[in-house]
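Novice: This is what each chain is made of:
There are 4 protein chains.
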Amino acid sequence: MSDTKQPWSGLSGRLETGEHILPVRVYYEDTDFSEIVYHASYLRFMERGRSDLLNLCGIHHSKLDAGVTGERLVFVVRHMDIDFLKSSHIDDILEVHTRCTEARGARTILEQKVMRGDEVLITAKVMSAVINGDGKPRRLPAELAVRLGIVKNR
Amino acid sequence: MSDTKQPWSGLSGRLETGEHILPVRVYYEDTDFSEIVYHASYLRFMERGRSDLLNLCGIHHSKLDAGVTGERLVFVVRHMDIDFLKSSHIDDILEVHTRCTEARGARTILEQKVMRGDEVLITAKVMSAVINGDGKPRRLPAELAVRLGIVKNR
Amino acid sequence: MSDTKQPWSGLSGRLETGEHILPVRVYYEDTDFSEIVYHASYLRFMERGRSDLLNLCGIHHSKLDAGVTGERLVFVVRHMDIDFLKSSHIDDILEVHTRCTEARGARTILEQKVMRGDEVLITAKVMSAVINGDGKPRRLPAELAVRLGIVKNR
Amino acid sequence: MSDTKQPWSGLSGRLETGEHILPVRVYYEDTDFSEIVYHASYLRFMERGRSDLLNLCGIHHSKLDAGVTGERLVFVVRHMDIDFLKSSHIDDILEVHTRCTEARGARTILEQKVMRGDEVLITAKVMSAVINGDGKPRRLPAELAVRLGIVKNR
Chain F
1 MSDTKQPWSG LSGRLETGEH ILPVRVYYED TDFSEIVYHA SYLRFMERGR
51 SDLLNLCGIH HSKLDAGVTG ERLVFVVRHM DIDFLKSSHI DDILEVHTRC
101 TEARGARTIL EQKVMRGDEV LITAKVMSAV INGDGKPRRL PAELAVRLGI
151 VKNR
Chain W
1 MSDTKQPWSG LSGRLETGEH ILPVRVYYED TDFSEIVYHA SYLRFMERGR
51 SDLLNLCGIH HSKLDAGVTG ERLVFVVRHM DIDFLKSSHI DDILEVHTRC
101 TEARGARTIL EQKVMRGDEV LITAKVMSAV INGDGKPRRL PAELAVRLGI
151 VKNR
Chain B
1 MSDTKQPWSG LSGRLETGEH ILPVRVYYED TDFSEIVYHA SYLRFMERGR
51 SDLLNLCGIH HSKLDAGVTG ERLVFVVRHM DIDFLKSSHI DDILEVHTRC
101 TEARGARTIL EQKVMRGDEV LITAKVMSAV INGDGKPRRL PAELAVRLGI
151 VKNR
Chain Z
1 MSDTKQPWSG LSGRLETGEH ILPVRVYYED TDFSEIVYHA SYLRFMERGR
51 SDLLNLCGIH HSKLDAGVTG ERLVFVVRHM DIDFLKSSHI DDILEVHTRC
101 TEARGARTIL EQKVMRGDEV LITAKVMSAV INGDGKPRRL PAELAVRLGI
151 VKNR
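Protein chains in written order, with this note's numbering: chain F, 1 to 154; chain W, 1 to 154; chain B, 1 to 154; chain Z, 1 to 154.
Incorrect hints may appear among the rest.
Pairs of lysine-lysine, DSSO-like flavour, derived with a Cα cap of 27 Å [claimed, not checked]:
#1 W/Lys125 x W/Lys136
#2 W/Lys136 x W/Lys63
#3 Z/Lys63 x Z/Lys125
#4 Z/Lys136 x Z/Lys86
#5 W/Lys63 x F/Lys125
#6 W/Lys86 x F/Lys86
#7 F/Lys136 x W/Lys113
#8 B/Lys63 x W/Lys136
#9 Z/Lys113 x Z/Lys86
#10 B/Lys113 x Z/Lys136
#11 F/Lys86 x B/Lys63
#12 F/Lys125 x W/Lys113
#13 B/Lys86 x Z/Lys63
In short, the hints are calculated from the structure, not lab data.
Using the sequences and the accompanying hints, generate a full structural model.
Specialist: This is the structure:
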């Protein structure tokens, strides 16, 4: 990770009571010829929300990848259950809401919503795991579980 | 849709007994820094499988979009349930297997697997709907349902 | 475009003297197996910069697309010349700098840089055009050219 | 790289006199709300063409990455000059044509075209380099340069 100063407050969204919120603007790249946002783009938005939730908890992919906990660790998605309820469009401003409902052992469960104002567009339940450089499952390091647990119980 | 001749046999995969199979090679664009295929890339692969299944049944997004059935129609994904079982890597050759288990009324249910040789990497259940140009749900035109039904019962 | 309130200040970056600056965080989706950002991801970042420059000038893709100037208009890229000077990594915070050097007739020329702190990673010269719903080139509406010209001459 | 048998002939396109040709179908993921193919999608198509040209020459990203030549090597793009001449649409079948015009020292120059039937949609000149695991530039291994040279001079 570079040591870039971050003069851009809010770039990683914000932690509120029990959840993380990340704003996302819809660009050309996110839409398809049916003139709405391409369904898989929401998975990219939700992954940004999960990564920034981790960032604000002091858990950085770059550091895990560099082996800061003793060996190379990366998060991988194991299961997703997604409802696509409403569509969104170019220039829309969306919010990704992320709650951590379980963080122990080898798995982390997050519940996510993509909203536009008060409308719920997408709901998803995401189960992630941590693997090492050889693809072997690893327990979430205790220190990280504690940090996520704090978010969980905020 | 252009009138391009297609000298590339097999470009849309093939219909076998009860299922459609599409080969997919893993390129740079599909991977991420963890050195495996990015989870949302599989949704792109599976959408290609669904589109080519439709293509081989004579159902073309370009024609539906142009209103060949009377009004503009596009397919949208309503629900996905996905298990990410194993990972894949740059240069891997994968196969997307797609079965149609329901095609009636406003919804179509497809079951998909992404395989590498005999290994199952991903399984997914996908519910799609058809909407018109105003975003209103529409019944799958009977003629198209019949074509999909034929695949279903092959 | 939705009427969503925007409580997220700075989401579209900021206009400074003669240029627009947009911060971009590098996520999983932007990287590839070589552990650096995938080359085409920078084109997505730069398109976000161009769109947000237009947004802050009061030019919205959603409104142009809806025909607010009399007919449907969309921006398309006609030419790009890009130097990829340095690489970037997961979690990096980048800035897209965009200057408008020409905005008249049917074409707009923008010069863009992607930076990480004081390092220039990417430089690009981008020529865009405006087309209507039938794909025909159109002059940039005078009112919009004036707005871009103001940025150009700030 | 997995040892998957490849029953899919033509999956990597074909080498003809002096050039490589790869067919590409346009899917949802490649288009944007302006109803044409998103400009950066062509860079993905062209990278597939370059990768498959290398594949058919016996040069595999997976093996270079695994250090088969003595150290980890990956190709990176250094410069691109791209003309976007015509647009394409959902379901179109395109061809990526790739010629190698220079392959020596640390750099490789490829000229690429994206065509639909006889129409040229995109032309690009791409300069690539080879770097090692530390991001240091490396000469293209002589054996690989010879293989590319054969294509160059076919």
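Novice: With reference to the structure, classify each hint as holding or not holding.
Specialist: Structure-based check of all given hints:
1. W/Lys125 x W/Lys136: holds (23 Å)
2. W/Lys136 x W/Lys63: holds (18 Å)
3. Z/Lys63 x Z/Lys125: OK: Z/Lys63 and Z/Lys125 at ~26 Å, within 27 Å.
4. Z/Lys136 x Z/Lys86: violated (37 Å)
5. W/Lys63 x F/Lys125: violated (35 Å)
6. W/Lys86 x F/Lys86: Not satisfied, since the Cα-Cα distance of roughly 31 Å exceeds 27 Å.
7. F/Lys136 x W/Lys113: Given pair F/Lys136, W/Lys113 holds - Cα atoms ~23 Å apart, limit 27 Å.
8. B/Lys63 x W/Lys136: holds (22 Å)
9. Z/Lys113 x Z/Lys86: holds (12 Å)
10. B/Lys113 x Z/Lys136: holds (23 Å)
11. F/Lys86 x B/Lys63: holds (21 Å)
12. F/Lys125 x W/Lys113: With a Cα-Cα distance of about 20 Å, the restraint between F/Lys125 and W/Lys113 holds, given a limit of 27 Å.
13. B/Lys86 x Z/Lys63: holds (24 Å)
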